[in-house]
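Asker: Here is what each chain is made of, one letter per residue.
There are 2 protein chains.
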Amino acid sequence: MELFYAHSVEGNICLLDADESAHCVKVLRHRAGDPVDIIDGLGTLYHCRLVLDSSKGAEAEILEAEDNWGSHPYRLTIGCCPTKNNDRFEWFVEKATELGVDRIVPLIGDHSERKVYKTDRAARIALSATKQSLKARIPEIAEPVTVKDFLAQTPDQVGGDAPVMPGPDRASLRLIAYCFEDETHPRRSIVEALTEFGGRDVTVLIGPEGDFSKEEADKALAAGYIPVHLGLSRLRTETAAVTAVEAVYLNFIC
Amino acid sequence: MELFYAHSVEGNICLLDADESAHCVKVLRHRAGDPVDIIDGLGTLYHCRLVLDSSKGAEAEILEAEDNWGSHPYRLTIGCCPTKNNDRFEWFVEKATELGVDRIVPLIGDHSERKVYKTDRAARIALSATKQSLKARIPEIAEPVTVKDFLAQTPDQVGGDAPVMPGPDRASLRLIAYCFEDETHPRRSIVEALTEFGGRDVTVLIGPEGDFSKEEADKALAAGYIPVHLGLSRLRTETAAVTAVEAVYLNFIC
Numbered sequence: 001m002e003l004f005y006a007h008s009v010e011g012n013i014c015l016l017d018a019d020e021s022a023h024c025v026k027v028l029r030h031r032a033g034d035p036v037d038i039i040d041g042l043g044t045l046y047h048c049r050l051v052l053d054s055s056k057g058a059e060a061e062i063l064e065a066e067d068n069w070g071s072h073p074y075r076l077t078i079g080c081c082p083t084k085n086n087d088r089f090e091w092f093v094e095k096a097t098e099l100g101v102d103r104i105v106p107l108i109g110d111h112s113e114r115k116v117y118k119t120d121r122a123a124r125i126a127l128s129a130t131k132q133s134l135k136a137r138i139p140e141i142a143e144p145v146t147v148k149d150f151l152a153q154t155p156d157q158v159g160g161d162a163p164v165m166p167g168p169d170r171a172s173l174r175l176i177a178y179c180f181e182d183e184t185h186p187r188r189s190i191v192e193a194l195t196e197f198g199g200r201d202v203t204v205l206i207g208p209e210g211d212f213s214k215e216e217a218d219k220a221l222a223a224g225y226i227p228v229h230l231g232l233s234r235l236r237t238e239t240a241a242v243t244a245v246e247a248v249y250l251n252f253i254c
Numbered sequence: 001m002e003l004f005y006a007h008s009v010e011g012n013i014c015l016l017d018a019d020e021s022a023h024c025v026k027v028l029r030h031r032a033g034d035p036v037d038i039i040d041g042l043g044t045l046y047h048c049r050l051v052l053d054s055s056k057g058a059e060a061e062i063l064e065a066e067d068n069w070g071s072h073p074y075r076l077t078i079g080c081c082p083t084k085n086n087d088r089f090e091w092f093v094e095k096a097t098e099l100g101v102d103r104i105v106p107l108i109g110d111h112s113e114r115k116v117y118k119t120d121r122a123a124r125i126a127l128s129a130t131k132q133s134l135k136a137r138i139p140e141i142a143e144p145v146t147v148k149d150f151l152a153q154t155p156d157q158v159g160g161d162a163p164v165m166p167g168p169d170r171a172s173l174r175l176i177a178y179c180f181e182d183e184t185h186p187r188r189s190i191v192e193a194l195t196e197f198g199g200r201d202v203t204v205l206i207g208p209e210g211d212f213s214k215e216e217a218d219k220a221l222a223a224g225y226i227p228v229h230l231g232l233s234r235l236r237t238e239t240a241a242v243t244a245v246e247a248v249y250l251n252f253i254c
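Going down the list, the protein sequences come from chains A and B. Residue numbers in the first sequence follow the working numbering, run continuously in steps of one, and reach 254 at the last position. Residue numbers in the second sequence follow the working numbering, run continuously in steps of one, and reach 254 at the last position.
The reader is advised that the hints may include incorrect statements.
[To be verified] Per the computed footprint, the stretches of chain A lying under chain B, defined by three or more beta-carbons under 8 Å from a beta-carbon of chain B, are:
1. 14-25
2. 97-105
3. 227-235
4. 245-253
Hints in this document: simulated from the structure, not taken from any laboratory. We put the CB at the ideal spot given by N, CA and C, even for glycine.
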């Protein structure tokens, strides 16, 4: 099944941008009248008929729509510090998209080697992985933000000051992969935390190669994040991030 | 912590090959008398003192040994058809090693696009990932074998003809990620199969981009393999293979 992405849907017409049009018309040689499947990137799959086979801006008429196509039964935000090697972070973006993630926030931590991150390549990878894995919603690749700003500026993400404990009455579960050396806050397993959790909204924070700073971890704790571990192995940043996605994915839909 | 690999241990002396010696002596500038940590690739970590700082063949005296260092509490064999794009399979080898795998068998399936696979690069990646993730045992990268030969020639791997059902009395769990279209053999979730399983020895077979042939799947079934699914998402071959490792890893040590 070949999917195309419509950057815009006007009435019952899906509009493809230059890249998608070239792929549809030049590479796959689709012509007006051909049936084509198009996603809007927001969760809907449209079964269409190509009406304008222009390789610069193809257009297709919507025959039928399927909402929440290829969706997953949870909402997952991963805040992760981009790795020094860009390929590793982009690989995480691809795998997380294939498995099922809603929002990826590149975090800049006190110990991050990479202090600047451009999201355009990751966004393209997320689009291509979304089509490849037959989903209709493209995960959001947020603009980079420092760990402290993420914790401070997004109260809806972190639940303000009230410590949030897991439980069936919780709407949202916030986890941080971090080990407090003083053991004042013993870590639980991410699997355990997910199993006890009754809700479907999960946020996981993954630090850089140099880990989060104690100050960042303390702020996360104050913001209601629960320290978790991802198992016994020492994992690279991008492997830890994928493991967090796998834990959520396997917990909810496997 | 920096680990070196000894290709051979003679008495109380660890011998490093040219690559490891160059890294130890030329790059990290270790000199005779320096303390160095060396793994034998078989599960033992040796705390040593460098006695010969040759960049062609360094030698270190063993002061103390730790068996089963960084080991995991399960035995996992992944039989996986190498992807058309080599990087993707090698990425799987790296991630599986970081998480914890014992044996990776490159399988050539009836529908494999890649019919030939050279293991040397994968073996180097497994060594480097073993050191990076602080383990002492390097997973075995087996020589490529066809799916049918793997099933036929390794009775110890596949339990002969007797169908093997999961349960606490089982010594070994054999799973194949495959969907029988006729639904005569409904698939169970890999998480479910692992949860019910009482043993620690697991083998999982992952097919090529074109999936296993019906004939291969039937032979696997006869050899005691249980059809499982890896969740709702459509995963690339290498993502499916990593997801299988993650499911085992998270089941046993998270």
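Asker: Against the structure shown, which of the earlier numbered hints fail to hold, in ascending order?
Answerer: 1
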